[in-house]
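Q: Residue numbers 1 to 172, in my numbering, belong to the letters of the sequence shown in order.
Simulated from the structure, these hints should not be mistaken for laboratory data.
Be careful, since some hints might not be right.
Simulated DEER-style distance windows between Cβ atoms [said to hold, decoys possible]: (1) ARG143 x LEU1: 54 to 60 Å; (2) GLU149 x GLU21: 41 to 47 Å; (3) ARG103 x ALA22: 21 to 27 Å; (4) GLU149 x VAL5: 50 to 56 Å; (5) GLU24 x MET109: 43 to 49 Å; (6) GLY155 x GLY34: 24 to 30 Å; (7) GLY27 x GLN139: 47 to 53 Å; (8) GLY155 x ASN88: 36 to 42 Å; (9) VAL5 x GLN125: 22 to 28 Å; (10) GLU91 x SER70: 28 to 34 Å; (11) ASN88 x SER158: 23 to 29 Å.
Where is the CB? At the ideal position from N, CA and C, for every residue including glycine.
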Amino acid sequence: LLEQVIADDPTDETALWSLCEAYERAGRGADVAGTLQRVLPQLAEPAADAELARRRAELWAKLGALLVQSDPAAAVGALQAAITADPNRVEARLALAEIYGARPEHREMAIENHKAILVFDPIRQESLHALAADHIRQQHVDRARCLLEVLDVFGLASEEDRDFLAQNPAPE
C-alpha cells in the first residue's frame, strides 16, 4: 500500500518515511536504498522549514550509509545532499571524511570535513586524529601536538598519541 502511495505521489514524505521504516524492519536495505534513490532527487528543496530540512538530511544520510560499500560515488552525492540540507549533520560529514580519506586524491576534502565536524563537536576523536595525522604528514609537529594534547586532556589519547607527545615535547 505504501509503495502505491509513493508511486502515486512521490512527494508524500510521510509515506516515504513509513515505507523506509517498514523496509528496514523487514531487513530490506536494498529496497530502502532503491526507493530513496528514486524519490529523493524528485523532492523540492525544503526551503525555510528547518524540521523538514533535518528530516530530508536524515533520509539523504541514510541513503549515503546504505551506498557506501556498493557505490561510493553515489554515497558521496547522497551525503553531500544531507549536508546541504543540514550542515550540522555530523555523521554525514564523518562518513564523507571516511570515504574521502580512503582516497589520496580527496585528502583535502576529508580534512575540510573533519574541520567542519570540529566546529560542531570540538573533541571528536576521529577528527582530531585525522587532523593531527595530516599535520604530522606535513611535518607541522606543533600543530599535531596541540591536537593530540586536546585528546590527552580529555583522556582520549592512544598510547601512540602519548608516545608522540613524549617524543615531541612542547617548546619552552
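Q: Decide, hint by hint, whether the structure agrees.
A: Right, here's what the structure says about each hint:
no. : hint                       : verdict
1   : ARG143 x LEU1: 54 to 60 Å  : holds (57 Å)
2   : GLU149 x GLU21: 41 to 47 Å : holds (44 Å)
3   : ARG103 x ALA22: 21 to 27 Å : violated (35 Å)
4   : GLU149 x VAL5: 50 to 56 Å  : holds (54 Å)
5   : GLU24 x MET109: 43 to 49 Å : violated (30 Å)
6   : GLY155 x GLY34: 24 to 30 Å : violated (43 Å)
7   : GLY27 x GLN139: 47 to 53 Å : holds (49 Å)
8   : GLY155 x ASN88: 36 to 42 Å : violated (26 Å)
9   : VAL5 x GLN125: 22 to 28 Å  : violated (42 Å)
10  : GLU91 x SER70: 28 to 34 Å  : violated (19 Å)
11  : ASN88 x SER158: 23 to 29 Å : holds (28 Å)
Violated hints for the displayed structure, listed by number in ascending order: 3, 5, 6, 8, 9 and 10.
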